[in-house]
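Chemist: Please construct the entire structure, taking both the sequences and the accompanying hints into account.
Below are the chains, spelled out letter by letter.
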Amino acid sequence: MSNLSKKELRNCIASRLSQHLELETLNEISYIETLGDRLANSGVSRRSFMKYCMGLSAMMAIPISLMPKLVEAALLSPLTSVVYLSFQECTGCLESLVNVFPNTQFKTDSIENILLTALSLDYSETLMAPSGTQAEKSRTDAIAKKNYVLVVDGAMPDDKGGAGFFIQSGKTGLQLLKAAATNAAVVVSVGTCASFGGLPAAKGQNGKSPTGAISIKAALTSFGGIYATKKVINVSGCPPIAEVIAGTLVYWILNKKAPELDSNLRPKMFYGETVHEECYRKEFFEHGQFVESFDDAGARKGYCLLNMGCKGPITHNACTTLKWNQGTGFPMEAGHGCLGCSEPGFWDKEAIAGQGIGFYKPLDINTIDD
Amino acid sequence: MAHVNTFANIPINVVITSQSSGLTIAMTLLHEIQAMLKTLLDTGQNGILDLRALPALGEDGYQFLKEKLGQGEVSARIQSFGHSEIQETAYSGIWWIVHYNQDDGILTELVEVNFLPELLKSPKDDVMFSQINLSKLLHELTIKK
Ligand code: SF4
Ligand code: SF4
Chain A
1 MSNLSKKELR
11 NCIASRLSQH
21 LELETLNEIS
31 YIETLGDRLA
41 NSGVSRRSFM
51 KYCMGLSAMM
61 AIPISLMPKL
71 VEAALLSPLT
81 SVVYLSFQEC
91 TGCLESLVNV
101 FPNTQFKTDS
111 IENILLTALS
121 LDYSETLMAP
131 SGTQAEKSRT
141 DAIAKKNYVL
151 VVDGAMPDDK
161 GGAGFFIQSG
171 KTGLQLLKAA
181 ATNAAVVVSV
191 GTCASFGGLP
201 AAKGQNGKSP
211 TGAISIKAAL
221 TSFGGIYATK
231 KVINVSGCPP
241 IAEVIAGTLV
251 YWILNKKAPE
261 LDSNLRPKMF
271 YGETVHEECY
281 RKEFFEHGQF
291 VESFDDAGAR
301 KGYCLLNMGC
311 KGPITHNACT
321 TLKWNQGTGF
331 PMEAGHGCLG
341 CSEPGFWDKE
351 AIAGQGIGFY
361 KPLDINTIDD
Chain B
1 MAHVNTFANI
11 PINVVITSQS
21 SGLTIAMTLL
31 HEIQAMLKTL
41 LDTGQNGILD
51 LRALPALGED
61 GYQFLKEKLG
71 QGEVSARIQS
81 FGHSEIQETA
91 YSGIWWIVHY
101 NQDDGILTEL
111 VEVNFLPELL
121 KSPKDDVMFS
131 QINLSKLLHE
141 LTIKK
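Same order as they appear, the protein sequences are chains A and B.
Following our numbering, the residues of the first sequence are numbered contiguously, the last one being 370.
Following our numbering, the residues of the second sequence are numbered contiguously, the last one being 145.
Don't read these hints as lab results, they were simulated from the structure.
Don't take every hint at face value.
Said to hold, decoys possible - Taking lysine to any residue and the SDA-like style, the derived pairs with C-alpha atoms no more than 20 Å apart in a straight line are:
| id | chain 1 | residue 1 | chain 2 | residue 2 |
| --- | --- | --- | --- | --- |
| 1 | A | K323 | B | D103 |
| 2 | A | K146 | A | L176 |
| 3 | B | K121 | A | S65 |
| 4 | A | K69 | B | S122 |
In this text, all values refer to a predicted model and were calculated from it rather than measured experimentally.
Modeler: Right, dumping it as structure tokens:
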């Protein structure tokens with residue numbers, strides 16, 4: 001299948017489009033690559049793509065019976081372009097995302113790689129080959145187009161006064177974000193730093209973030225106008241689970257709209273429940289059996305980690321359902337409590353008001369509704 | 001070889017004997033599948049149940065469903081980015097489908113009510129591509145001759 005010329009593919013897609021009255025016909029002169037073109041060019045059969053999407057449907061809460069229609073429409077739509085910008089971040093989020101492609105060094109044909117094929121990653125400083133002026137040009141070209149998905153990781157130093165905490169080719173982070181957000185269909189803030197400020201926004205000795213870091217949503221709001229109303233999806237977590245990032249992007253490819261979001265703008269399909277709700281230690285929680293120190297008899301029996309500072313009951317994430325490292329496990333299975341990494345202000349949050357900050361400070365059991 | 005009927009592939013009327021919630025869900029699913037069969041016959045519209053989206057089904061409910069639906073005449077295997085196993089159940093038109101990834105991990109498990117599972121049919125685009133490719137092959141073969 002992969003030995004078709006672009007023209008042959010074009011003709012196939014054009015004739016298929018003409019059978020779908022509800023979809024726009026393609027302008028023959030401007031060549032827009034469709035998802036169908038891309039998959040065929042990469043030797044991914046329609047059947048494989050359908051299988052991939054069906055595998056994700058339960059996770060994305062899309063009724064499986066709708067999948068064939070969604071896939072059909074997605075195949076005939078232009079390829080989703082992704083522009084990936086990084087600000088004050090540690091690259092852990094991107095590390096996590098590339099983990100969705102397991103064993104890539106051995107198996108380039110892994111089903112998880114279909115996501116890489118199904119997107120057009122037009123700009124990512126960490127992953128792309130060009131550098132210098134060439135890289136600048138890729139960004140200018142990518143953001144000159146319309147309706148791409150702008151993925152951002154890292155918080156934004158709010159240095160409108162020009163403190164210079166983030167400068168790239170003479171532009172501040174705020175200027176770069178504004179330019180890239182202008183034509184974006186949606187902004188996906190990947191990681192807790194981009195979603196809520198995260199570590200860069202944690203308070204320093206003077207009670208302020210040293211760089212004045214704010215979330216991407218807050219930065220966009222500060223620009224006003226079209227930026228304040230731009231659709232933002234927060235995919236929080238430090239880092240977010242690979243499948244959660246991938247699932248959010250695949251949802252967009254298939255539906256061309258954001259999934260249902262919670263009050264913190266996180267997709268409900270992944271952040272609808274706390275990690276505590278599905279934790280396998282919950283039975284001990286209910287029976288009041290708690291670990292009191294990391295090496296006590298309760299720890300060996302796998303008791304609940306609440307008194308060791310577990311923030312599971314107030315943390316919305318999919319760790320206990322989707323699990324980490326291709327479904328291997330989650331922190332409580334390794335004997336450590338949840339740090340609460342996917343919630344706003346998790347570095348500075350006091351488990352009990354007035355009791356000080358700390359990952360090992362326990363929550364007040366009386367405030368946990370169960 | 002003579003076809004041996006087992007308890008699992010004789011279409012019997014199921015009576016719930018256990019209080020387990022997994023079994024209750026499995027019973028509900030059987031009713032749902034029954035309704036899907038009616039829709040298929042009346043309108044030609046297929047129906048799919050995603051067993052992975054139903055964690056409450058539990059091991060007991062899952063086994064119950066699998067055992068009650070049993071095995072039919074057709075089984076098929078798809079080899080694409082890991083294999084998929086498709087098995088007709090003892091009830092014609094009800095198919096049990098399991099998709100695996102390359103590491104033989106289960107991607108998803110479905111019950112599809114259809115005359116032929118959607119994924120077994122060759123997608124139209126792929127057929128169009130093969131039409132082009134086959135004509136190329138024929139062209140090459142003609143030149144060689
Ligand atoms: S408090 Fe933590 S360890 Fe205990 S049940 Fe909840 S999530 Fe699990
Ligand atoms: S268990 Fe808690 S701290 Fe750990 S990754 Fe999940 S949400 Fe974050």
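Chemist: Taking the hints in turn, state whether each one holds.
Modeler: Evaluated hints:
1. K323(A) with D103(B): holds (17 Å)
2. K146(A) with L176(A): With Cα atoms ~16 Å apart, K146(A) and L176(A) stay inside 20 Å; holds.
3. K121(B) with S65(A): holds (16 Å)
4. K69(A) with S122(B): holds (15 Å)
Taken one by one, the earlier hints all hold for this structure without exception.
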